[in-house]
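Keeping their order, the protein sequence lines are chains C and P.
Each step along the first sequence adds one to the number in my numbering, with nothing skipped, and position 213 is 213.
Each step along the second sequence adds one to the number in my numbering, with nothing skipped, and position 156 is 156.
Because the hints were derived from the structure by calculation, they are not lab data.
Keep in mind it's a predicted model, so treat the numbers as computed, not measured.
Think of the CB as a built atom: it goes at the ideal place given N, C-alpha and C, for glycine as much as any other residue.
Among the hints, erroneous ones may be present.
As the list claims (entries may be wrong) - Quick list of simulated restraints, FRET-style, between CB atoms:
#	chain 1	residue 1	chain 2	residue 2	range
1	C	180	P	58	22 to 30 Å
2	C	116	P	179	48 to 56 Å
3	P	83	C	94	36 to 44 Å
4	P	219	C	26	33 to 41 Å
5	P	107	C	180	57 to 65 Å
Claimed, not checked - Reference listing, derived: stretches of chain P covered by chain C, where coverage requires no fewer than 3 residues with Cβ under 8 Å from a Cβ of chain C:
#	segment
6	177 to 186
7	255 to 261
What follows is each chain in one-letter form.
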Amino acid sequence: MRRLLSDRRGSFGAVVLCLTLFVAAAAPVVTTGTPAAQPDVVGARFLPPLATDRHGGFHPLGTDRFGRDVWTRLAYGGRVSLSVSLLAVLLSVVVGVAVGAAAGYATGGLTLLLLGITDFALALPRVVLLLLLASLWPPSAALVVLVLGATGWMTIARLVHGEVRTLAARPFVESATALGAGRARVLWRHILPNALTPVIVATALAVGNAIMLEAGLSFLGLGVQPPTPSWGNMIASGRDTLVNAPWVAAAPGLALALVVVACTLLGDAIRDVYHGETGDGKRET
Amino acid sequence: MFAALGRRAVTGIAVLVGVVTLTFVLLRLSPGDPAARLLGPSATAAQLTAQRHALGLDQPLAAQYAAWLGRFVRGDWGTSVATGRPVRALLGDAWPATVCLVGLSLLVSYLLGLAVGALQAARRGSRLDTALSVASVTLFAIPGYWLGLMLVMVFTYWARALPAFGAAGLDAELLVGSARLADRLRHLALPLATLTLIGIGGVARYVRGALLDVVAQPFVTTARAKGLPPAVVLLRHALRNALIPVLTLLGLSLPALFSGAVFVEAVFAWPGVGRVLVEGVQARDYPLVMAATTVSAALVVVGNLLADAAATWADPRTRRGRRAA
Numbered sequence: 001m002r003r004l005l006s007d008r009r010g011s012f013g014a015v016v017l018c019l020t021l022f023v024a025a026a027a028p029v030v031t032t033g034t035p036a037a038q039p040d041v042v043g044a045r046f047l048p049p050l051a052t053d054r055h056g057g058f059h060p061l062g063t064d065r066f067g068r069d070v071w072t073r074l075a076y077g078g079r080v081s082l083s084v085s086l087l088a089v090l091l092s093v094v095v096g097v098a099v100g101a102a103a104g105y106a107t108g109g110l111t112l113l114l115l116g117i118t119d120f121a122l123a124l125p126r127v128v129l130l131l132l133l134a135s136l137w138p139p140s141a142a143l144v145v146l147v148l149g150a151t152g153w154m155t156i157a158r159l160v161h162g163e164v165r166t167l168a169a170r171p172f173v174e175s176a177t178a179l180g181a182g183r184a185r186v187l188w189r190h191i192l193p194n195a196l197t198p199v200i201v202a203t204a205l206a207v208g209n210a211i212m213l214e215a216g217l218s219f220l221g222l223g224v225q226p227p228t229p230s231w232g233n234m235i236a237s238g239r240d241t242l243v244n245a246p247w248v249a250a251a252p253g254l255a256l257a258l259v260v261v262a263c264t265l266l267g268d269a270i271r272d273v274y275h276g277e278t279g280d281g282k283r284e285t
Numbered sequence: 001m002f003a004a005l006g007r008r009a010v011t012g013i014a015v016l017v018g019v020v021t022l023t024f025v026l027l028r029l030s031p032g033d034p035a036a037r038l039l040g041p042s043a044t045a046a047q048l049t050a051q052r053h054a055l056g057l058d059q060p061l062a063a064q065y066a067a068w069l070g071r072f073v074r075g076d077w078g079t080s081v082a083t084g085r086p087v088r089a090l091l092g093d094a095w096p097a098t099v100c101l102v103g104l105s106l107l108v109s110y111l112l113g114l115a116v117g118a119l120q121a122a123r124r125g126s127r128l129d130t131a132l133s134v135a136s137v138t139l140f141a142i143p144g145y146w147l148g149l150m151l152v153m154v155f156t157y158w159a160r161a162l163p164a165f166g167a168a169g170l171d172a173e174l175l176v177g178s179a180r181l182a183d184r185l186r187h188l189a190l191p192l193a194t195l196t197l198i199g200i201g202g203v204a205r206y207v208r209g210a211l212l213d214v215v216a217q218p219f220v221t222t223a224r225a226k227g228l229p230p231a232v233v234l235l236r237h238a239l240r241n242a243l244i245p246v247l248t249l250l251g252l253s254l255p256a257l258f259s260g261a262v263f264v265e266a267v268f269a270w271p272g273v274g275r276v277l278v279e280g281v282q283a284r285d286y287p288l289v290m291a292a293t294t295v296s297a298a299l300v301v302v303g304n305l306l307a308d309a310a311a312t313w314a315d316p317r318t319r320r321g322r323r324a325a
């Protein structure tokens, strides 16, 4: 852990993520008002960043076309975007580890079947799958979690499968079996804990990816629905006012990019620290 | 070599059959009755029964599936609910635009990504390396639709230099020769730049890593020991070998590139498969969504095969033995 934080990329990623999580969690404290509040639609609309409206309200990131404070919406939108993405990744990790472990530790037909399904799902463009699934049910935050989770587990399953296969051939597994441990116990207590490092790295990258895709779905109107702010639907609503109020779309996009960069760098740093290698930029795609 | 490619082609066909099956299953899983959806809320029970019969919904599931597969193979992909046009015609118009956009962006981003990655590997650990690493991670992390909007803001609204929408101007039909080409290129510029900028980041990161792996191998030390200049060692000895994993990456990154293209097409109203898909989804136009999904999958499968062929061609070791990889 200390080595992770002494890595510049690791500390940057950790600090950015902690700050973002703090702002999102403490949204009512660090902002004024509520995200959907339109106290003065005419007088306070399209105020540039750092402006003060005529009621004395200060808007660090300006206001949008309904006079809503962009900073407040960014903080509350972060709540939605982050929680949706984290839940989705949790779901992918659970499914991915289960499928990967089963495929890696089982033999014969089951392995082939699970790997076949995984490779099939990997061969399709994820956004196309997302759109297909999102089109079948009415849009909601829960649907986004399910759909992102259902399309994100394959990389993790592949990783876990590979790790489990390698680990299952190691002497300590043989020892555990010789001591009389059952197959389930060997898998759960001896193999899986050792296979977790690549999963943690993949999780960090997956969180960044999920945040980006959640925003993408909301941007297309298939995810979180307005007036609930999410970074994606904030970018979408700022799209129409690019000319006279570019900050409305720019702010959530910058926040998004910063968080995704933080996730990527943190993932890289974790991988390098655990491998004890130099910072070669190889990665899973 | 051909045996391996043949096996890949069979896998590709299996993927496509899988996609058609998946769309069938999902359509049946989704809530609501397709007949009711087509006819609207005012339909009578008799009309619904007739429509169900017309759609074949009163037959057993296996028979429905067989009919669905048969129609798909014959190219009868149904009619778009929203536009009333045959789905096949809509997608037939759309796929060349997507192939053009994705293909060009692939070419440009790999060329630039190779150059940037090689430069970074050659100057490893320098300030330039760090700066380029930061830049490529950032580009990799920016959502395409947002980058697209920002480019529109700068180049369309501020600089008033480039058009933001569509693949051709309103007067495109009247233009001839070079003016028509210039109009096309101007419309291509922003979508292509967006997709390419995002792609460069990923490629550069990967090339840098692959090169550093190769540089650590004994034959590079040999080349250096012979007294070859560093640039020759890097370009002639290392880069050629690093190309092999990069070409493999090309195939693997196609789905991601397509995913990016969906958003970019939606932002720039680029008349490709991605835009058709997004509009179909927004209008709940199921026949269109299903067919667009399959066409996207088909384009990715074909692209993967081409990338595989290129990787096999680039690596003499895989040309002979069947499983030399």
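Indices of hints not satisfied (ascending): Checked against the structure, the hints that fail are numbers 1, 4 and 6, while the rest are satisfied.
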